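Undergrad: Sequences listed follow chains U and C, in order.
Taking the working numbering, the leading residue of the first sequence gets 1, the next gets one more, and so forth.
Taking the working numbering, the leading residue of the second sequence gets 1, the next gets one more, and so forth.
Quick caveat, the hints were computed from the structure, so don't treat them as lab data.
Treat each hint with caution, since some may be false.
[Said to hold, decoys possible] Here are the computed lysine-lysine pairs in the DSS-like style, where the Cα-Cα straight-line distance is at most 30 Å:
1) C/Lys-91 x U/Lys-248
2) U/Lys-261 x C/Lys-261
3) U/Lys-138 x C/Lys-251
4) C/Lys-248 x U/Lys-251
5) U/Lys-268 x C/Lys-248
6) C/Lys-251 x U/Lys-277
7) C/Lys-251 x U/Lys-268
8) U/Lys-248 x C/Lys-277
9) U/Lys-28 x U/Lys-325
10) U/Lys-268 x C/Lys-268
11) U/Lys-261 x C/Lys-259
12) U/Lys-251 x C/Lys-259
13) U/Lys-244 x C/Lys-268
14) C/Lys-115 x U/Lys-268
15) C/Lys-88 x U/Lys-259
16) U/Lys-272 x C/Lys-259
17) C/Lys-251 x U/Lys-248
18) C/Lys-282 x U/Lys-261
[As the list claims (entries may be wrong)] On the chain U side, residues computed to face chain C include the following (Cβ under 8 Å):
19) Val-41
20) Val-172
21) Ile-243
22) Lys-248
23) Ile-249
24) Ile-254
Note that the structure is predicted; figures quoted are calculated from it, not measured.
Even for Gly, the Cβ is constructed at its ideal location relative to N, Cα and C.
There are 2 protein chains.
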Amino acid sequence: MKILIDAFGGDNSPQEIIAGTIDALEQKAGFTAVLIGKQDVIESQLKNYKYDQSRVEILNADDVITCEEEPTVAIRRKPNSSICVGFKELKENPDAKAFVSAGSTGAVLVGATLKLGRIKGVNRPALCPIMPTLIDGKNVLLLDAGANADCKSINLCQFALMGSAFAKTLGVENPKVALLSNGTEDEKGNALNHEVFPMLKEMKEINFVGNCEGREILSGEYDVIVTDGFSGNVAIKSLEGAIKAMFKILKESIYATTKGKIGGLFLKDTFKGIREKMDYNKKGGALFLGVEKTVVKAHGSSKRDAFMNSVLQAVTYAELGLSEKVKENILKFTETQAE
Amino acid sequence: MKILIDAFGGDNSPQEIIAGTIDALEQKAGFTAVLIGKQDVIESQLKNYKYDQSRVEILNADDVITCEEEPTVAIRRKPNSSICVGFKELKENPDAKAFVSAGSTGAVLVGATLKLGRIKGVNRPALCPIMPTLIDGKNVLLLDAGANADCKSINLCQFALMGSAFAKTLGVENPKVALLSNGTEDEKGNALNHEVFPMLKEMKEINFVGNCEGREILSGEYDVIVTDGFSGNVAIKSLEGAIKAMFKILKESIYATTKGKIGGLFLKDTFKGIREKMDYNKKGGALFLGVEKTVVKAHGSSKRDAFMNSVLQAVTYAELGLSEKVKENILKFTETQAE
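Use the sequences and the hints to build the structure in full.
TA: And the structure:
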């Protein structure tokens with residue numbers, strides 16, 4: 001099984017990307033890493049590491065798409081970019097099972113949709129991060145986290161199906177699916193929510209449990225939370241911002257007094273643990289669900305560890321047959337709809 | 001100046017509401033508190049306190065609107081509820097300058113709109129909490145936080161004007177107004193954002209600085225953040241949820257080890273300070289901007305301290321002439337539009 005790596009995506013590429021890939025190879029057997037990008041640069045970087053050479057390949061791509069470029073334009077104009085070469089390979093090579101990139105989110109999404117292709121029956125693929133919750137070991141999937149700023153009700157129904165398939169793939173039985181809203185009562189919501197609520201309620205393929213507020217996202221009460229890509233993005237970034245703010249205030253307050261500094265020393269490991277628990281970006285990337293194969297979007301600021309985790313995620317999802325399971329769920333639903 | 005108090009609104013009414021009101025009277029001179037609700041209950045509660053009797057009045061209201069009731073129906077069917085009696089008095093009595101309630105948000109919003117009335121030129125009043133930021137002493141206003149789940153571009157322009165007037169009333173010179181979006185670049189956003197962005201840019205009455213992401217809400221970079229009531233509600237509740245989650249994890253992690261417990265003892269005051277800083281619900285209520293007089297919506301779970309702060313807020317805003325300043329800003333804008 002081949003995992004394709006965009007060696008030239010992200011703020012710390014190619015160094016941290018290549019280092020993280022090498023680490024992933026050490027962590028897990030059973031896959032070959034295909035590093036995509038400028039061959040000479042990759043080759044000279046690889047000289048810094050000891051690794052099993054039979055498990056690393058290079059696929060040359062001379063161009064790079066930056067975050068400043070308009071994604072649709074960039075994907076069309078740069079067929080030799082690491083992202084375009086990656087998706088072409090992913091589509092054409094049956095051994096290639098997943099693509100991992102820390103590059104421009106927009107370009108990865110557009111590239112996946114245009115070059116790799118959507119699963120039949122999916123109108124809009126969605127970005128789906130895996131977030132930690134207050135319940136130990138339990139995660140929550142939120143989609144769409146930002147691929148589609150404007151959504152229709154049918155998109156949200158498909159997000160529910162895809163998220164549910166993803167949660168099941170991760171081992172959750174009968175995942176609880178909620179609709180993000182401005183209140184928990186059934187009648188809460190905006191026009192889109194009012195339209196989609198009864199549709200979700202009717203869907204036999206999912207376990208829809210009703211509305212969920214922003215303050216319950218991390219509660220561990222839900223397995224999958226669906227929403228449009230605008231609200232999803234606002235929610236996730238608000239959560240991130242609040243957690244970041246809390247750490248900043250905590251640090252400043254601790255350093256402000258001697259008593260604080262002493263307490264801080266005792267709690268150093270505790271704080272480190274909490275940071276690791278809450279910083280889901282370090283745990284791996286977000287999945288792009290609804291396209292033909294596994295696509296993992298690692299955080300743009302990923303360093304070695306975070307990128308390693310994203311690669312390991314990609315391997316795991318490919319092994320578990322994530323995209324096949326999403327496909328099955330969508331197919332079952334479209335068949336019911338056609339009846 | 002009279003400040004009207006819904007004595008029968010909120011989870012802890014009437015006890016904590018009355019206690020908080022008495023505390024507010026002690027904290028600040030220059031106003032009379034009018035407690036609205038069942039006269040006999042209020043009278044018997046008041047017996048528990050020592051206070052300046054010349055500064056407390058009771059306005060009888062036999063009914064109570066609960067959070068379970070549909071707001072529009074409840075406001076129409078219960079003219080003798082504390083909320084309806086309060087808004088009638090606020091409209092008719094020139095001495096009455098503000099209304100404070102910890103009751104049903106929906107009922108307060110509908111009551112304010114129907115019984116008190118909108119400012120001319122405001123299509124949709126908005127709920128506007130004042131939130132702490134990472135910069136000490138600096139707050140951010142976010143509106144609409146949930147009064148209008150579906151908004152048009154003109155609503156957001158009016159929110160910008162009202163928020164700007166509010167920030168100026170609080171002493172901010174040339175407040176920075178941002179549009180909540182799914183990215184900071186100008187071209188980011190959903191259909192509503194794409195429509196409103198150039199309109200905000202054109203408005204000479206405000207200092208529009210562009211898009212702002214969820215993760216920047218608490219940064220202190222912005223004074224006013226405008227958005228539709230659905231996204232605003234999602235953002236605020238996500239922030240609340242993340243902060244609550246952080247405290248929970250912090251507490252659990254500290255109690256998990258002996259080292260943690262020792263560190264926790266040293267940091268007890270620090271944690272208390274952070275909690276007070278970040279828990280904006282305890283600092284006071286959210287303003288309902290765009291109606292004829294000052295309306296403060298205290299958090300439903302307000303206890304004595306939080307409610308006292310909401311009453312003090314109402315007094316301050318009434319003294320500063322908040323609703324008059326909002327009116328002026330709206331008027332100036334509608335005149336420009338008419339030219």
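Undergrad: Out of the numbered hints, which ones does the structure contradict?
TA: 1, 14, 15, 19, 20
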